[in-house]
Amino acid sequence: MRRTTPFVVALCLSATALLAQDLTEEQDRALTARQAHMGLYGFYLTPLGQMAQDRIPYDADVAAAAANNLAAMAAIDQSAFWVEGTDSSLERSRARAEIWTDPDGYLEVKQGMADATAALALVAGDGLDALKAAFGPVGQSCSACHQPYRAPAN
Amino acid sequence: MPRWPWIVGVLVVGTGAGWFATKPTPLPASALDGITGDAERGAITFAAAGCASCHNAPDGPLDVLAGGKSFTSDFGTFIAPNISSDPVHGVGGWTDLELASAIMRGVSPDGAHYYPAFPYTSYIKADVQDIADLIAHMRTLPADTTPSQPHDLGFPFNIRASLGVWKALYLRDDWVMDAPTPELERGRMLVEALGHCAECHTPRNALGGLDRSAWMTGAPNPSGDGRIPDISPAGLTWSAQDIAEYLNSGFTPTFDSAGGTMADVIRHTSQLSDADRMAIAAYLKVLP
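So the sequences go chain by chain: A and B.
Residues in the first sequence are numbered consecutively from 5, following my numbering.
Residues in the second sequence are numbered consecutively from 49, following my numbering.
One should not assume that every hint holds.
In silico contact screen, one side only, chain B against chain A (beta carbon under 8 Å); selected entries [to be verified]: (1) 229; (2) 231; (3) 276; (4) 303; (5) 307.
Honestly, the hints are just simulated from the structure, not real lab data.
Quick caveat: nothing in here was measured; it's all calculated off a predicted structure.
Ideal placement from N, C-alpha and C gives every residue a C-beta, glycine not left out.
Chain A on its own, in the form it takes in the complex:
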């Protein structure tokens, strides 16, 4: 008994560790949803950024529509994305544990993106110069979150 107890404990611990890589459905759905959300940011940022970088001609309607969508996406409540156990210790995730240990800091930078994209949506249809001026802060708001809260790719 005395000899087998540590063995059984070790077996249970390693089984738990193995199971940890197997996500619950809730974890899996949250991960998939938030990565899709990030992908959509990129999708709407692309025409705006390409105009701001003079890679494609400015189009007021396209710019306004993309900026409105971007602002709407940045404004929504995202707290359901951050299910426990889905940080960058998982192969699939680059979300740093700091999102969970420093929720106030995370919410602050998230609000920064909501503010910057709202400001962009207000002016994106008003000409290329207005777009360029408001696009810079949006980029800074992306980095303001990615710097502390996103781990490098594996």
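Given chain A, work out where chain B should sit, using these hints.
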């Protein structure tokens, strides 16, 4: 028994020769003769070299070089010192030559080796004029009285004299790449010397020396999880314009954005001219 004095003699001479061969070598006293630093040009060098990425206070402004950021590594934890213009806690009391020797040779004013966490291994390739400009600029930045903290390193890495051997092996002032055009020459200066890109983007051997045969092909992240990406053409298929835009805005061609320490780097590269960012891109595009 009669052999012992002979062996001891060899040991003493050998150790002495070893010490002599690996003792700290500052810049020659005449290195700055006839050179005057230009603080305005130095601001560009300051951005290109990214000094503030390591030497500003954690979350502090980029122009206050108070130090205090810590950098974990396989050898222990390095803590960036105060290099503000404060004469007591910073480097305001150092001469230009002392500062240039620190930056370009990794030698302190009192003749000790610096650890190569400080990338003098790259700055050794810089122009002395650029470094004189940089020093002139640093003298215009605010003083800060935060005391520098000691590094936290394990044995034997805590013995600075051992760095003499490391320097003899790995401190080299020759370029890795040829630069047949003025743009490539500028790009090489920005990438290999001032920007010290290889310090993170090139893998190292067991002793921490850069593996020049795998130049810019990516490496484990020295301070944590993930990898520093391959930025040679094999690993980075972006156009030169894509690279230059990334160094300006932090956006990739698909409008993902830079994170981690690279976001810090872009705070500096965004201050460079378009021509300088294109020169960096041109250099990266011709890597093997």
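Hint check results:
1. Taking 8 Å as the C-beta cut-off, the interface hint given for residue 229 of chain B is violated, the closest approach to chain A being about 25 Å.
2. Interface hint status for residue 231 of chain B: violated, as the beta-carbon distance to the closest one in chain A is roughly 20 Å, over 8 Å.
3. Here the hint on residue 276 of chain B is kept, as its CB sits about 7 Å from the closest CB of chain A, short of 8 Å.
4. At about 4 Å, the closest approach between the beta carbon of residue 303 of chain B and any beta carbon in chain A falls short of 8 Å, and the interface hint on this residue holds.
5. With a least beta-carbon distance of about 3 Å to chain A, the hint placing residue 307 of chain B at the interface is held under the 8 Å criterion.
In the structure shown, a violation is registered for the earlier hints numbered 1, 2, in ascending order.
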